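Quick mapping for you: the protein sequence lines, in order, are chains A and B.
Numbering-wise, numbering that gives the first Met the number 0 puts 62 at position 63 of the first sequence, and it's gapless, one number per residue.
Numbering-wise, numbering that gives the first Met the number 0 puts 248 at position 249 of the second sequence, and it's gapless, one number per residue.
If you are wondering where the hints come from, they were derived from the structure by calculation, not from laboratory data.
Since we're looking at a predicted model, the values are computed, not measured.
Among these hints, one or two may not hold up.
Cut-off 25 Å, straight-line C-alpha distance, at most; resulting in silico cross-link-like pairs (SDA-like, lysine to any residue) [stated by the list, open to error]:
| # | chain 1 | residue 1 | chain 2 | residue 2 |
| --- | --- | --- | --- | --- |
| 1 | B | 193 | A | 25 |
| 2 | A | 71 | A | 296 |
| 3 | B | 18 | A | 124 |
| 4 | B | 2 | A | 104 |
| 5 | B | 1 | A | 103 |
| 6 | B | 264 | A | 284 |
| 7 | B | 1 | A | 82 |
| 8 | B | 264 | B | 47 |
| 9 | B | 264 | A | 254 |
| 10 | B | 1 | A | 215 |
| 11 | B | 1 | A | 105 |
| 12 | B | 2 | A | 96 |
| 13 | B | 264 | B | 52 |
| 14 | A | 71 | A | 281 |
| 15 | B | 1 | A | 219 |
| 16 | B | 1 | A | 95 |
| 17 | B | 2 | A | 215 |
| 18 | B | 264 | A | 235 |
Here are the in silico distance ranges between beta carbons for each label pair [claimed, not checked]:
| # | chain 1 | residue 1 | chain 2 | residue 2 | range |
| --- | --- | --- | --- | --- | --- |
| 19 | A | 50 | B | 193 | 33 to 41 Å |
| 20 | B | 20 | A | 17 | 55 to 63 Å |
| 21 | B | 249 | A | 17 | 36 to 44 Å |
| 22 | B | 231 | A | 289 | 44 to 52 Å |
| 23 | A | 128 | B | 193 | 27 to 35 Å |
| 24 | A | 2 | B | 231 | 18 to 26 Å |
| 25 | B | 101 | A | 164 | 48 to 56 Å |
Virtual Cβ for every residue (Gly too), placed ideally from N, Cα, C.
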Amino acid sequence: MAVQALAAALVIAAAAYLLFNTLANLEARRIASGFAFLWHEAGFEIGESAFAYGAADSYFRALLVGLANTFKVAVLGIVAATVLGTAIGLFRLSGNRLLAGLSSCYVELLRNVPLLVQLFFWYALITEGLPAPREALSPLPGVFLTNRGLFFPTFGGVPELQGFNFAGGGALSPEFAALLIGLSLYTAAFIAEIVRAGVLAVRRDQWHAAQALGLERRDVLRYVVAPQAMRIIVPPLTSQYLNLTKNSSLAVAIGYPDLVSIANTTINQTGQAIEGVTIIMAVYLTISLAISALMNRYNARLR
Amino acid sequence: MKKILNLFLFILICYWGWKFVGWALVRAVWQPDPQACRAASGACWGFIVEKHRLIAFGTYPYEEHWRPALSSVLLVALWILTAVVRRWWLIPAWILGLISIGVLMWGGVFGLPYVENERWGGLILTLLLTTFGLAFAFPLSILLALGRRSTLPLVRALCVAYIELIRGVPLISVLFMASVMLPLFLPAGVSVDKLLRAQIALILFAAAYLAEAVRGGLQAIPGHQYEAADALGLNYFQSTSWIILPQALRIAVPPLVNTCIGFFKDTSLVLIIGLFDLLSTIKVSLSDPAWTGFGVEAYLFAAAAYFIFCYSMSLYSRRLEVSAGRFGR
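Assemble the whole structure, with the sequences as input and the hints as a guide.
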């Protein structure tokens, strides 16, 4: 009891001290605390936005644009990383030595280099390595790779060269493309290890029993091993999804306007550092808790 | 079917491998000459040759570069020594080593000119941030892990809240907090420089992740160890420090090393708040107008540098896991 009272007293004293200092500092610097600034005019443009936004809109709307951009890259990244990671994890276990060797090279290379370096690398490769729109690389008809971004046909139309850039069809900006590629490839390496560990954790006799029943290797994997491996795979997979979402905040380094990047601009313009950082932390905590809760429910259903 | 697939893969690897070798070696330019680099169709390693001092040492005074170089060697040697031998004299060796590194880096004594830490940069900064980050985070993480398993509800709640808060937010937000909010937290007149602020953020961040690794070790201790310690009449402090922790930490070594590798990679994020670590000096080298447009080479070099450190640590961690498996718990 005494220990707890002491701990509580220490924490309260520290918090009070910090709060006192902060209030004094804010007053000295004449910074008004509170979230009223959210409804002021933001005054900056945002390169890409899921919905209408202009410099005359409020900071609140700008932050929403950032949040939407974070979700966009996180969702697409999670899908791509899961598909790629599962494939690489299974390749490592396949009887094919060449394929297994290549996959382990991939995992070792990608896991042991900081994500930030990889993001810079992909961004440099797109903006420096790819040609200008006039000499665009076209690996598939209608798909164009240029240093201004990646263009591909959609149901709405086909990209065509107009002036100095492509118009029509779908487009990925260099920043978005670099972030999506970097996040997916990096996380895929971790997911591959999780998938491999999950499959290996299924007991050997399960394989033998299934083979004795006359199932083919593919069917053994699908009907016998996968359902058992899923129970082991899901919890660490969840934390990889969370990591990917948190890592998408590195967007600020290559200029993709995600939530952190917009919040950073907001802090620099308004000086509302505490509010800005609080918004970032609150949003990510909410996402973390939501994904955890969702995965816990899924996990409970599996058991 | 399998043979055809293998043949196809093999041809693909050879084709890509040949193209890469052609770019990276055959057609590459090694002289530090931007004109030759732009004319060539291969990689421009001349850029790295030209900028190697800036990349390795940041803005540290040019004539004094031997000091961070020697400090880096000393620090890496200490880490390798710690990994290879486990003897009591490592502790005095570390203390002595860190004092020498401090003297070397700051100077101001023994005729060494004083260099303020705003000018530190490059590899040594990455190594120092990692070393001090882990050195301070580790004891903190043990307290957090013990707190999380404590029977006192308030202590447990505080530790859980801290660990989950830090693990729930991206490192960049913790770094922002340290760089823009920490000055507000301190009384007027007290200022903390940028390096120390980043270091504090990294310590707070690493402690939460290390705590989870330590907790894994604590959870692996069978209940009868606690009961046996109780039966001997040991109190909480005695049983924790003599019976439980030595075993728990031994079990936790592989996940701890993995967390350390992750932390080493994460220190590269200090670039975003404007510190000159290894990645940052590489990025700065690219801003020289004579040398713009060689980002691919620069970041491949950065990747190789980080890979050497991280891969050797992960090989070490794998060896530990194998030996832990052999001797059992």
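So, going through the hints one by one against the coordinates:
no., hint, verdict
1, B/193 <-> A/25, "holds, 20 Å"
2, A/71 <-> A/296, "holds, 24 Å"
3, B/18 <-> A/124, "holds, 16 Å"
4, B/2 <-> A/104, "holds, 21 Å"
5, B/1 <-> A/103, "holds, 19 Å"
6, B/264 <-> A/284, "holds, 23 Å"
7, B/1 <-> A/82, "holds, 22 Å"
8, B/264 <-> B/47, "holds, 21 Å"
9, B/264 <-> A/254, "holds, 21 Å"
10, B/1 <-> A/215, "holds, 16 Å"
11, B/1 <-> A/105, "holds, 21 Å"
12, B/2 <-> A/96, "holds, 12 Å"
13, B/264 <-> B/52, "holds, 22 Å"
14, A/71 <-> A/281, "holds, 19 Å"
15, B/1 <-> A/219, "holds, 19 Å"
16, B/1 <-> A/95, "holds, 8 Å"
17, B/2 <-> A/215, "holds, 19 Å"
18, B/264 <-> A/235, "holds, 20 Å"
19, A/50 <-> B/193: 33 to 41 Å, "holds, 37 Å"
20, B/20 <-> A/17: 55 to 63 Å, "holds, 57 Å"
21, B/249 <-> A/17: 36 to 44 Å, "holds, 37 Å"
22, B/231 <-> A/289: 44 to 52 Å, "holds, 47 Å"
23, A/128 <-> B/193: 27 to 35 Å, "holds, 34 Å"
24, A/2 <-> B/231: 18 to 26 Å, "holds, 22 Å"
25, B/101 <-> A/164: 48 to 56 Å, "holds, 54 Å"
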